[in-house]
Amino acid sequence: GQNIDQPTEMTATEGAIVQINCTYQTSGFNGLFWYQQHAGEAPTFLSYNVLDGLEEKGRFSSFLSRSKGYSYLLLKELQMKDSASYLCAVRGDSNYQLIWGAGTKLIIKP
Amino acid sequence: DSGVTQTPKHLITATGQRVTLRCSPRSGDLSVYWYQQSLDQGLQFLIQYYNGEERAKGNILERFSAQQFPDLHSELNLSSLELGDSALYFCASSVALDYYGELFFGEGSRLTVL
Chain A
1 GQNIDQPTEM TATEGAIVQI NCTYQTSGFN GLFWYQQHAG EAPTFLSYNV
51 LDGLEEKGRF SSFLSRSKGY SYLLLKELQM KDSASYLCAV RGDSNYQLIW
101 GAGTKLIIKP
Chain B
1 DSGVTQTPKH LITATGQRVT LRCSPRSGDL SVYWYQQSLD QGLQFLIQYY
51 NGEERAKGNI LERFSAQQFP DLHSELNLSS LELGDSALYF CASSVALDYY
101 GELFFGEGSR LTVL
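Chains as they are written, first to last, in our numbering: chain A, 1 to 110; chain B, 1 to 114.
Chain B extracted, bound-state conformation (with noise of 0.2 Å):
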């Protein structure tokens, strides 16, 4: 166990539908990434936020928004889902921003689109 709690754990929604979802940082965590893996494919990295504000950004699309709320916890919003946007969603977190160590993921929400 990482620490690291996410939910849903599985989500199954239509095109063109909203979603959200939730990621809980390890105790004492102050920075959260958002990545996304599709089938059989590598991480691709999303969105960083280090306590409450964003602090980097990578292959996020328009349609997708995250933000990290003062309790730390972190939300993943994918509006006007297209089928290409299922895969798995994972969050990971680390302490700090200049933290050279690693990263701690969660178990990810597999998000399917039909």
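In isolation and in its complexed conformation, chain A is listed as follows (with noise of 0.2 Å):
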């Protein structure tokens, strides 16, 4: 089957920096993505991966390990405003459909 697992929720504190983890187990790969949802507001997205590699914006950093089925989003400089859920999600094969991962909730504190 298709599987994509993120941990349920992390805390980070103001200021610091924050990694989430996401891995999956797809039939096929064309790209990973990384959104950010504000509770009860749209996904926004954030970054794409295709090629193994870190890809850097701004705070905002994304991995990708298509060997290990492995991508993390890391987080620096945190802020309250970052308090959100984060999903990873991938395209596989089937149809150019996106796998979504149940998403990781970031509770940042003072």
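No wet-lab data here; the hints were simulated from the structure.
Please read all numbers here as calculations on a predicted model, not as lab measurements.
Honestly, I wouldn't trust all of these hints.
As the list claims (entries may be wrong) - Below, computed lysine-lysine pairings styled on BS3-like, alpha-carbon distance capped at 30 Å:
{"no.": "1", "chain 1": "B", "residue 1": "9", "chain 2": "A", "residue 2": "81"}
{"no.": "2", "chain 1": "B", "residue 1": "9", "chain 2": "A", "residue 2": "105"}
{"no.": "3", "chain 1": "A", "residue 1": "68", "chain 2": "A", "residue 2": "57"}
{"no.": "4", "chain 1": "A", "residue 1": "105", "chain 2": "B", "residue 2": "57"}
What the hints assert, rightly or not - From the structure, some residues in chain A lie toward chain B, with a derived Cβ separation under 10 Å:
{"no.": "5", "residue": "37"}
{"no.": "6", "residue": "41"}
{"no.": "7", "residue": "43"}
{"no.": "8", "residue": "44"}
{"no.": "9", "residue": "89"}
Glycine included, each C-beta is placed from N, C-alpha and C at the ideal position.
With the hints as a guide, bring the two chains together.
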């Protein structure tokens, strides 16, 4: 079957760094996405990885290892507004559909 | 603003009723996706349309149906509503069927079934 695993919840301190992991088992691989979703709001796109390595975008970075079926999202200099759920999604082979993880709820404490 | 428009934003109705949710994709996007998100749950893929045709189906109940019109807007019809259908329903769009980029999400329609 196809599966994406993320931690359910994480807590971090304002100003610190947090790493949110995502492991996946899918039929085929055509890219991995990270989305941010504040409670009750729409998911918004953060990053896309299709090749191994690190993609950096401001305070956010995303890493991919296709051989290990593993990605992480790294958030630096955490701000209170970063409190949200972070969704990992993989585009497999089937109809280019995205397979979604259940999301990681990140709680930022002062 | 993602450019994807959903109406209504909020909807309260009773069990057994029928509702229609509407989505207008971003200008130029041909593909529309519908997702359901229950409280504190992940996104559940319901159905995808591309240029008016159904392309993929997820965990969509038989009580639910959707269509995409010639002007590319889409409607999700939910009938014989049950308490468990209360959820956020998101529409997302992308440029093409085989587009490898991201999906753009509307703000969602919050359905409450009493």
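Can you verify the interface hint for residue 43(A): is its Cβ closer than 10 Å to any Cβ in chain B?
5 Å, holds
For residue 9(B) and residue 81(A), compute the direct alpha-carbon distance and say whether it is at most 30 Å.
23 Å, holds
Restraint status (C-alpha distance of residue 68(A) to residue 57(A) at most 30 Å):
23 Å, holds
Against chain B, run the beta carbon of residue 41(A) and see if the smallest gap drops under 10 Å.
Since chain B brings a Cβ to about 7 Å from residue 41(A), closer than 10 Å, the hint holds.
Would you check the hint for residue 105(A) and residue 57(B), treating anything up to 30 Å between C-alpha atoms as holding?
Given that 30 Å is the threshold and the Cα spacing comes to 28 Å, the pair holds.
Using the nearest Cβ pair, does residue 89(A) come within less than 10 Å of chain B?
Residue 89(A) check passes; min Cβ-Cβ to chain B is 8 Å, inside 10 Å.
Hint check: 10 Å Cβ-Cβ cutoff, residue 44(A) to chain B
Cβ of residue 44(A) sits 7 Å from chain B, so the hint holds.
Holds or violated: residue 9(B) to residue 105(A), with C-alpha atoms at most 30 Å apart
Answer holds: residue 9(B) to residue 105(A) is near 24 Å, not above 30 Å.
Interface hint status, residue 37(A) versus chain B (Cβ within 10 Å)
9 Å, holds
No hint from the list above goes unmet by this structure.
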